[in-house]
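Novice: Below are the chains, spelled out letter by letter.
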Amino acid sequence: MSSYATTVTQVRFGHTLTIYATEAKYELLKVMRQPAYVVPTLTFPVLFYVMFGLLFGGKQSMGPVNLATYVLGTYGAFGVIGASLFGFAVGVATERGFGWLQVKRASPMPPLAYLFGKLVVSMIFSAIVVSLLIVLGIVFGGAHLSASMILKFLGTLIIGSLPFAAMGLAIGCTAAPNSAPAIVNVLFLPMSFLSGLWVPVQVLPHFLQQVAPLLPPYHLAQLALLQVGAPTVGSPWQHVSALTAFTVAFVVLALRGFTREDGKVNG
Amino acid sequence: MQNSQNNIASLNGVTKKYGTITALKDVSLNVRAGELLAVLGPNGAGKTTSIRMLLGLSRPDAGQARVFGGDPSNHATRMRVGAMLQVAKVPETLKVKEHIELFRSYYPNPMPFADAVKSAGLEGMEDRLFGALSGGQKQRVLFALAVCGNPDLVFLDEPTVGLDISTRHLIWEQIRMLVKQGRTVVLTTHYLEEVDALSDRVIVLNQGMIVAEGSAAEIKARTAQRKIRCVTRLSVEEIRGMGNVDSVSLQDLRTEIRTATAEPVLRELFHRDPDLHGLELTNSSLEEAFLKIIETSAQDADQKSAAQEVTV
Chain A
1 MSSYATTVTQ VRFGHTLTIY ATEAKYELLK VMRQPAYVVP TLTFPVLFYV MFGLLFGGKQ
61 SMGPVNLATY VLGTYGAFGV IGASLFGFAV GVATERGFGW LQVKRASPMP PLAYLFGKLV
121 VSMIFSAIVV SLLIVLGIVF GGAHLSASMI LKFLGTLIIG SLPFAAMGLA IGCTAAPNSA
181 PAIVNVLFLP MSFLSGLWVP VQVLPHFLQQ VAPLLPPYHL AQLALLQVGA PTVGSPWQHV
241 SALTAFTVAF VVLALRGFTR EDGKVNG
Chain B
1001 MQNSQNNIAS LNGVTKKYGT ITALKDVSLN VRAGELLAVL GPNGAGKTTS IRMLLGLSRP
1061 DAGQARVFGG DPSNHATRMR VGAMLQVAKV PETLKVKEHI ELFRSYYPNP MPFADAVKSA
1121 GLEGMEDRLF GALSGGQKQR VLFALAVCGN PDLVFLDEPT VGLDISTRHL IWEQIRMLVK
1181 QGRTVVLTTH YLEEVDALSD RVIVLNQGMI VAEGSAAEIK ARTAQRKIRC VTRLSVEEIR
1241 GMGNVDSVSL QDLRTEIRTA TAEPVLRELF HRDPDLHGLE LTNSSLEEAF LKIIETSAQD
1301 ADQKSAAQEV TV
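Residue numbers (this note's numbering), protein chains in the order written: chain A, 1 to 267; chain B, 1001 to 1312.
Because the hints were derived from the structure by calculation, they are not lab data. Every residue gets a Cβ at the ideal spot worked out from N, C-alpha and C, and that includes glycine. Some hints here could point you the wrong way.
As the list claims (entries may be wrong) - In the SDA-like style, the derived pairs of lysine to any residue whose C-alpha atoms are separated by at most 20 angstroms in a straight line are: (1) Lys104(A) to Gln1086(B); (2) Lys25(A) to Arg1267(B); (3) Lys1292(B) to Met1177(B).
As the list claims (entries may be wrong) - One-sided excerpt, in silico: chain A residues whose CB lies under 10 angstroms from chain B: (4) Arg12; (5) Thr22; (6) Glu23; (7) Val31; (8) Trp100; (9) Val139; (10) Lys152; (11) Gly155; (12) Ala245.
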């Protein structure tokens, strides 16, 4: 009897894993075919990096590394944040607001499989955009990165995308589908500037430097800079704790929206 | 009560408010195994809210929703249920087969893929992107998603709304197949002809309340009315006093009489006015019958609330 019960449990567990994998697979196929997401997610960070890191950067140096290596850290964070915020906020707001999420929730799909699929896809796009930047930095920017530095840099940014996925989810669970992209832009661009993603935080006016630690991208950028050997501000544990706290706060906000029942369907 | 074993889903005294709007007022209904139950009503009657309650997507403010003896939002319940809901936008960059494969993966014993495609008449369209489909084809994909998990109970929320006649008939054919396969189907619609064509049993909802319940034939019979139009010297009051007459009105020079029993009324009319002429006799359409149920229920509600005001 007990072996039968074990088998049943194993079958169920196997089936649940299959659902998660299938959800991620079709989420990827779906998003890959959406130029409105793919094109800006991949081209903007690359374009900015080429312009501000490679073309206009010249031979300036930032402490022990050149400018091209320094901005690799900050634009890497920029790229990952964009991929996560837009993927979650716009994706969830659209599917929730236009009634699609309701169809999925009426099915036996585990709700976490839905979020898992979205997270896998935003992490895949994060990995692609950071890899593109690394190649450009090494080939054209004279960035000196060992294999282990590259892996740590990639890993830090991919895991560090979690708070932004949670923030996107919180927006996606509260915003109307048509206003979600605008809301993300209004938050993403000023937040990136104030966090020192475009201009090093040390160069910002003093009062803006006070604001930066209140913003999650600042902490991710500092952790990323650390991996490429660039000068950083504050201790890594401070940044990790801050990002963890932001993740928890956004997840709480998002869950409140995700579990709240929606009486009306937009459109 | 002797049928209680056959009830596989029920709402018991369910009330639901959205802000100041009461979507459902103390609604009780049962879904019996193997039947096709139609929930009929105008827009805003509470049809979709009832379905959402039975799918566990919405919680009653008062009362209870049960499906297969459990909470409708239970995972075990959902594995036996399929739903076609009204969706403003379905992801357009997945192919038909990908949508179906994904939904099949959610269920422990889904229909074979080919059967799911066939049950919705989607053969040959498997490789098309959802966004490239016509309105009728999109509805059929949603239908396929509702049935591909091999569910015992299928909810269809206005499955043919906005579709042309031929597509509507195609979906009706597929719904009949579901019932033949032994599944239970709950269908909401505001098309009376759909009820007439498909359903075993009808519940008529209006303003969040059940105003009629019975077989499609019973509902029709209850509201079967014929309309007599003629030119007569008899006064409206006199005709009204004849009995068997539901309503009398004078329109231009013609008198219009509504009645369930036209023949005795006509006999009496000719008896009292041998000069009666310009006679027309028509059966009221299903739409008129439906409107009559709604109208009567609204009057009842008005009278009730008026009576309450008086007592207060």
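Novice: With reference to the structure, classify each hint as holding or not holding.
Specialist: Hints, verified against the model:
no.	hint	in the structure
1	Lys104(A) to Gln1086(B)	12 angstroms, holds
2	Lys25(A) to Arg1267(B)	74 angstroms, violated
3	Lys1292(B) to Met1177(B)	32 angstroms, violated
4	Arg12	8 angstroms, holds
5	Thr22	4 angstroms, holds
6	Glu23	7 angstroms, holds
7	Val31	8 angstroms, holds
8	Trp100	6 angstroms, holds
9	Val139	33 angstroms, violated
10	Lys152	34 angstroms, violated
11	Gly155	30 angstroms, violated
12	Ala245	32 angstroms, violated
Of the hints listed earlier, those the structure fails to meet are numbers 2, 3, 9, 10, 11, 12, in rising order.
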